[in-house]
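Sequences listed follow chains A and B, in order. Sequential numbering of the first sequence, starting at 1, is according to the numbering used here. Sequential numbering of the second sequence, starting at 1, is according to the numbering used here.
No incorrect hints appear here.
Simulated DEER-style distance windows between Cβ atoms: (1) A:P174 <-> B:Q123: 36 to 42 angstroms; (2) A:K170 <-> B:G202: 26 to 32 angstroms; (3) A:S154 <-> B:K75: 50 to 56 angstroms.
Subject to a maximum C-alpha distance of 25 angstroms in a straight line, what follows is the list of computed SDA-like cross-link-like pairs (lysine to any residue): (4) A:K145 <-> B:R179; (5) A:K41 <-> B:H41; (6) A:K144 <-> B:H58; (7) A:K144 <-> A:E80.
Just so you know, these hints were derived from the structure itself, not from any lab. Source: prediction; values computed, not measured. Idealized CB from N, CA, C, for every residue including glycine.
Spelled out, the chains give:
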Amino acid sequence: MFSMLQGIPQETLIDILKHQTTIHSIDFSGLSFENEDFSGKTFIGCRFSNVSFTGVKMDRCRCRMCFFEFSAFTASSFTETDIQFSSFAGVRISGCTFAGSDLLNNNFNGITSFDTSFNDSDLYNSRFIMASLADTSFQNCNLKKTMFMQTPRSNVSFKSSNTREALFGKGENPE
Amino acid sequence: MKIYYHFSREGFSNGYLVGNEKTGKAIVIDPGVMNRELLAHIEQNRYQLEAVLVTHNHASHHNGLKTLLKIYSPKVYAADAELNGRKTTMLQGDGSFSAAGFTVRYFSVPGHSPDSLMFQIEQVLFTGDALSAGRLGETNNVYGKRNLLTHLKNKLMTLSDDLILLPGHGPPTTIGAERMYNCELSRDRIETETAAVERLTGLRQMHQCI
Numbered sequence: 001m002f003s004m005l006q007g008i009p010q011e012t013l014i015d016i017l018k019h020q021t022t023i024h025s026i027d028f029s030g031l032s033f034e035n036e037d038f039s040g041k042t043f044i045g046c047r048f049s050n051v052s053f054t055g056v057k058m059d060r061c062r063c064r065m066c067f068f069e070f071s072a073f074t075a076s077s078f079t080e081t082d083i084q085f086s087s088f089a090g091v092r093i094s095g096c097t098f099a100g101s102d103l104l105n106n107n108f109n110g111i112t113s114f115d116t117s118f119n120d121s122d123l124y125n126s127r128f129i130m131a132s133l134a135d136t137s138f139q140n141c142n143l144k145k146t147m148f149m150q151t152p153r154s155n156v157s158f159k160s161s162n163t164r165e166a167l168f169g170k171g172e173n174p175e
Numbered sequence: 001m002k003i004y005y006h007f008s009r010e011g012f013s014n015g016y017l018v019g020n021e022k023t024g025k026a027i028v029i030d031p032g033v034m035n036r037e038l039l040a041h042i043e044q045n046r047y048q049l050e051a052v053l054v055t056h057n058h059a060s061h062h063n064g065l066k067t068l069l070k071i072y073s074p075k076v077y078a079a080d081a082e083l084n085g086r087k088t089t090m091l092q093g094d095g096s097f098s099a100a101g102f103t104v105r106y107f108s109v110p111g112h113s114p115d116s117l118m119f120q121i122e123q124v125l126f127t128g129d130a131l132s133a134g135r136l137g138e139t140n141n142v143y144g145k146r147n148l149l150t151h152l153k154n155k156l157m158t159l160s161d162d163l164i165l166l167p168g169h170g171p172p173t174t175i176g177a178e179r180m181y182n183c184e185l186s187r188d189r190i191e192t193e194t195a196a197v198e199r200l201t202g203l204r205q206m207h208q209c210i
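Okay, chain A solo, but in the shape it has when bound:
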C-alpha cells in the first residue's frame, strides 16, 4: 500500500512514530532521530529520505514499500526485521546490525557500509549495485539473485552464504 501523506508538522510526526504501532503512508523525510526505540513497529508505504538515525533501535520492525534513500544509519540496530520491497539507495551505514533479518527485494544500491552485519539474513533478490562495503559481513545469508556489481569491497565476509547463486560483476570474485 502506498499513498503519501505530506506536510504534517514535525511534532505530530514524532508523536505518530512514538505512539502508533502500525504506520501507513507518512513522509518522515529530513528528520533526525537519536537513541529512540521503534522496535516492533510496522511501516507501510512510508518515506524516510535524508533521515538521520543515530543509536536507534528498530528491531523486529516490519517494512513494506518504504523509502530510506540517502539517509544515515549510525550505531543503530535492525535485528530480526522483516523489510521487503523497500529502497535504501545511497544510505550511509556505520556500526549497524541487520542480523537475522528478512531483507527480500530491497534496493541497497550505492550504500556505503562500514562495520555492519547482515549475518543470518535472507537477502533474496536484493541489489547492492555500486555500493561500497568495508568490514561488513554477510555470513550464513541467502544471497539467491542478490546482485553485487561494481561494488568495491574490503574485509567483506560471505562465509557460509550461497555466493554461487548471487550475481557478481564481471571479474568480481566473492572472496
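Keeping the supplied structure of chain A fixed, place chain B upon it in accordance with the hints.
What follows is chain B alone, placed relative to chain A:
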C-alpha cells in the same frame, strides 16, 4: 491512491494494483499471475476494476490476464493490438488517458521489446522491464540498447528526483537514485573506485569519533 505490490513466483515479476479511494475504482498493472492474493485485494477493498495496463507483451507480465478477464471486465491498455487473443486499446508514442479517476501518462520506450511502455500515475512511474533498480532493461542488440537509452534519457531523466519507480522486476527505486547509481543511464556521473574508497575512509573516521 493506494498501491498493492504483487510478486509473481512464476516469472519473478512484479504486478501492481492501484486503487482510487475516492472513486472506488482500480487499475491492475502487469498481471503476471492472477491468484487469490490479488483477488482478495480487489474484493476486500470493493474495487471496481476499470483498467489493466500491460507494459509489454512478455508472458511474465500478462499471464494472469486471461483469468482476470473471466472475473472482471476491465479495458486492457497495451502497445500491442492483441494480448493472449484479446483485443486491447492500443497505445502508441506518448500521451495520456483517464482510468479509475486517475490521469495515466504513458511513454513509449522501445528497446527491451518494441512495444515497451511506462505508465505514470501521480508521483509513481511503472517502468516495466525498460528499467530496474541500477540496471537497464535487457536488450537483444546494441541498437536496441542505444534506442532504449535515448528514450530513457529524454523521457525519464527529465522528471523529478522524488518520482518513485516501480519496476517489472526487482526492488523499487526513485529517479534520484537512478541518476546516482545506474551507471548505464548516467555514465558521465560514474563514481570512480577512488571516490568510493574516499567515502569509506570518511565513514571510518566518523565511526572512530563516535
